[in-house]
Amino acid sequence: MKYRVALNNLAKAVLVLFLVTFSISILVRWLPGDPIEILMPFATEEGRAALRAELGLDINVVQYYFSWLFDLLRGDFGVWYASTGDGGGVPVRSMLAVALPRSLLIMLYTMVVSIVFAVPLGIFLAYRAETRTDKTISNVLFAVSSIPSFAIGLALAFVVGVQLDLLPVIGYVPFAENPSEHFRSLVMPVVSLSIGLIATFSRLLRVDMIATLREDFVTMASSKGLSNMWILWRHVLRPSSSTLMTSAALQMGALIGGAVVIETVFALNGFGMLLTTAIATRQYLAIQSLVALIAVAYIVFNFIVDVLYAVVDPRVRGGRG
Amino acid sequence: MNKLSRGNRRKVAFVMAMALVASLSQVAPAAAKGDDIVILIGEKDSGWCAQDSPGLDQISAKNAVAETLTIMNEKGKIVPYLAKTVENSADFKTWKFTLREGIYFHDGEELTAATVLANVAANLGLNPLIPASLPAIAWQDGFGGVTSLAQFAAKAQALGKYVVQFNLPAPRPLFNESWYANGRPVIWSTKTLQTKACGTTVGAGTGPFKIKSKGVDQFQTVLEANPNYWRKDAAGKRLPKAATVTYKVVLDAAQRTNALVKGQADVATFGASSGPQLNEMKKNAKLVLFEGRRDTTWSFHMNTTAAPFNSKNARLAFSYAIDREALAKVVAKGNADPAYCFGATYHPYNLSNGGKKKCATFDLAKAKQYVAAYKTETGKNLTVLLPTTESTESAKANQAVCNMLKKAGAACSLMPPVTATAVILRGFALQQQVSWFNVVAGYSPAFADLFSRKTNLELSGFRFTNPGLAACFQTALETNAAAKYRECAAVLHGEAYWVPTYSEGGFIVARNTVTGLGETSLPVGGKRPVVGLSGFDIASVKVSD
Amino acid sequence: MCCTPLLTHESEVGVAKGRPGPLGFYLASGWLLVCVFTAFFGDFFPLPKWDEYDYDNLGLPLFSDGHLLGTDYDGSDVLSGLVHGARTSLGISFTAVFIGSVIGGLLGIVAAYRRGWVDSVVTMYFNVSLAIPTIVLTLVMVALFATPNVDDPSSGWPRELVLIISLTLVIIPILGRLARGSALSWSGRDFVLVAESIGMKKRSILRTHIIPNVLPSMMSVAFLAAGVVIVIEGGLAILGVGANPGASWGSMLAKNRGELAITPHTTLVPAGVIGLTVMALNYFGDYFRLRIDDRESRI
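Chains as they are written, first to last, in numbering that gives the first Met the number 0: chain A, 0 to 320; chain B, 0 to 544; chain C, 0 to 298.
Be aware that one or more of the hints could be misleading.
[Stated by the list, open to error] Pair ranges (Cβ atoms, derived):
no.	chain 1	residue 1	chain 2	residue 2	range
1	C	Leu67	B	Ser212	35 to 41 Å
2	A	Phe17	B	Asn380	29 to 35 Å
3	A	Asn138	B	Lys282	36 to 42 Å
4	B	Gly333	A	Thr132	37 to 43 Å
5	A	Val158	B	Gly107	48 to 54 Å
6	A	Pro100	B	Arg237	48 to 54 Å
7	A	Ala142	B	Gly333	37 to 43 Å
8	C	Val35	A	Pro100	41 to 47 Å
9	B	Lys374	C	Val35	34 to 40 Å
[As the list claims (entries may be wrong)] Partner residues are not named here, just some residues of chain C that face chain A (Cβ under 8 Å, in silico):
no.	residue
10	Ile98
11	Ile131
12	Leu143
Hints were generated in silico from the structure; no laboratory data involved.
Positions of the beta carbon are idealized from the N, C-alpha and C atoms, including for glycine.
Model the full assembly from the supplied sequences, consistent with the hints where possible.
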């Protein structure tokens, strides 16, 4: 039974991927401005026709889409169009090798930092529910989660980066090049993105934990003589974390988009900027490949959420229709 | 679950946190050791090969790798550079370039007449691998139209291993200047011109640095020293002084400022529209500001082949609406001068009579009048779209101009930002309403002539709408007579085909640990200007520890 | 350690769930009312026009003569910009969320109630829309519709309109999914089954039983979404595709972020206003959510 459900979900996921990439490929064709015109506005008609043929733009959209798809499945992300045609442009794969790791790392660090700080905070707030500490901290978190992350980023860059001169304001250093510089260059972007998430996550966790704390099995555990901390971390956390998990996965999806602005503010030149450049210069091939990557990531995250949801909350496992 | 008690776990966490903070707060190593220079520029890389049209910042990066036959010295004169001597016939139709001997490209090839001819062929669009583009049109005009290698051979020959001769159909008194053109027509090795990745990821030139990594990261180009560079410094020592140069693209001028102030980079370029940032940096003791002579006039070039600027009313409205003093004050904050005429006072196009006369003025009443006249004439409201590059400086300057146009009653908005190259190409292809160009630059009209000759390289399109003007510039070009140039420039002003805005000199800001800016002497004697339109001489620059 | 209750202040359901107190409610509604009022009547305030550039007073700090919140680098008054921006930011946000909620809600409810192929198609549409990144969609929409043809410069829709459309498209699946989930859970309730069994028409069941119960949860999320849209618009402005510079709060922020080191208030004040508005909207969203939870736990 489980098999069929899983297969069903997989089929649906593939269909979504197909529809997303196909609709994007049609949509970008409607954009005003032809890549050939952008690359060679002064060429002769033959020159342009030749470039069009070389770049594969003389076939119709559907054919183009499928040839892109088959290439992608073989690991070929296509080429950035250049005026010298096929062989003159940089392979998108090499560009991704530069841009993607930094974006992925930012998202990963953001998630880790957010969860690492939000979980103890949420537990603490639940434990101290309705005390003055709880109220103050909750209100502060509420306020902080309302500030846009790029505003936090700008303010941090100004205060910490320029005035206090503690951290670099632009640029990204790969881990392999210089580990400590790598982390230093990412502190402010990650903090900007995490603050809102920490606030949101801890509030979510707090609410769920308070609800769980009222359940019977908790009273039982307490009466068995287990310490509060043990109960909180070991027994209460798991069943209360479903909303947190769902939210985390959804936020991951939002991060992919939201990180573009932070990348711009901190000049990190990651995946988001690559995508916006591709759209601006009508790089059909690159756009399709990059959007496909995002869609895959999005679907994978949702899938992980669904799995975790079932794993984490045993009450859900049995009762799902 | 580990067995640490709560209290101990807290202590461990605290210690770990402190260690993390301590490691992160360590003072950053200086952005460059003496041998590595980091330069911040405001333009993305769109290619360096014969068919590409980079903007000023990328040209300066290109010139670190590949060089031109002639060059401008600090007095504004064009002198031989890769060429040893340049001779011309009395009628300016025959030009002979004698090259220096013993100059080698980064891939080992020697600079010979054959190489130069291969480059000219590529510039003309005769190289099958390299598509003809904007530069080709300019070159084609000079050669009177060349469509085959046979025709080319008639007009350009190698007279010896190191001697090239050009036989031009029409007089070109400034031909040697077009071989500099602010660093655009560089000489690549023959092998470079035979690869499709020319200028994208590879490019072997004669310059002080060779390409280590380019193109894969659109925001970063890394160059390393050329151990066989042909130029030496005044003391006879080898150049370049630095080991590597990294050009990093930071489109936001304020971020360039911050990074420079913090020592994350050694040098950064700025335009006058970053006025507030420039004034802040002037106050900083750790930074040194170099400003070029304020003779680069930014002008709007109207596309006269399409609406709205095919109407004289619209053009005049635009010209009268620009408050040049306010621009210099608001956007440049004093780092630029208002320009009422084209070019510096000594430029052949300049009609200001030594700065006494104003060619284009600000008159809000007249601007509104002409906006109304346009409405009467065409029945539409005057709507202006300004092309913007991705650099924040471009957006800022355009926004100020838009505000002024709105005051005059026109509607104005910015086009979505694109690369500098795209703006240049679209402008020349008459695909934009206006283009903001620094064409009338420097000391001579040479580059400006690209826009006024009888080619379809007409930024304004006035070949189609004002053939007399095109003929005027053709004559001026062939006779190089100042009076003729002035005559043509008068029409430019009268018809408001071009609208001057402000003049600047370009800015380079360096940390005070950077030495050697502007020190390299030229082989023929004299020095390069410290700040030229497209950058500075990188060969003698180094960072002292 | 044993036996001390984990919940130290076991109290009424509402408080333990963190229901905000009345002071917060008044503050939040007060602020929102001020914003909405400004959006409607801002034109009549005795302030300089937001796009009037006072070239003699560039970059004034806060509390200067004639410019209460100062001016930015090109001389436009910050306070006027905020007043005008209220209309743009709130207009875009509320319109997009409202239309998106209506369309998304309808689709979701219909899908949930009809099931079958209708449900599959609608769910597929929601999933596909959610998978397309907001940035990509908006960039493409702006390029498609708001960029005028150079040959006909007055063509092209106003930027604000295009933003509303693309943000609506973003909101539809979010609220649609929520509506569908909520409608699904309500459809399974006893009283609905009873209504069906007594022969009540599907449409009336929808009208009288489902929609009124789905609406509150949608409303709470709609408030939150409105806040998110305001922030997204700011992000888009930084990328160059937001509203025209200075016309909305987000684009004020984007326009002045270069001068952060020189005149910080021109960036921080719009950021603060955005934060306060989002906070107020979140507050309302939370408020509705808690009221629903109360209701649901009582049924």
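Query raised in the report: Against which earlier hints does the structure fall short, listed by number upward?
Result: 1, 2, 4, 6 and 10
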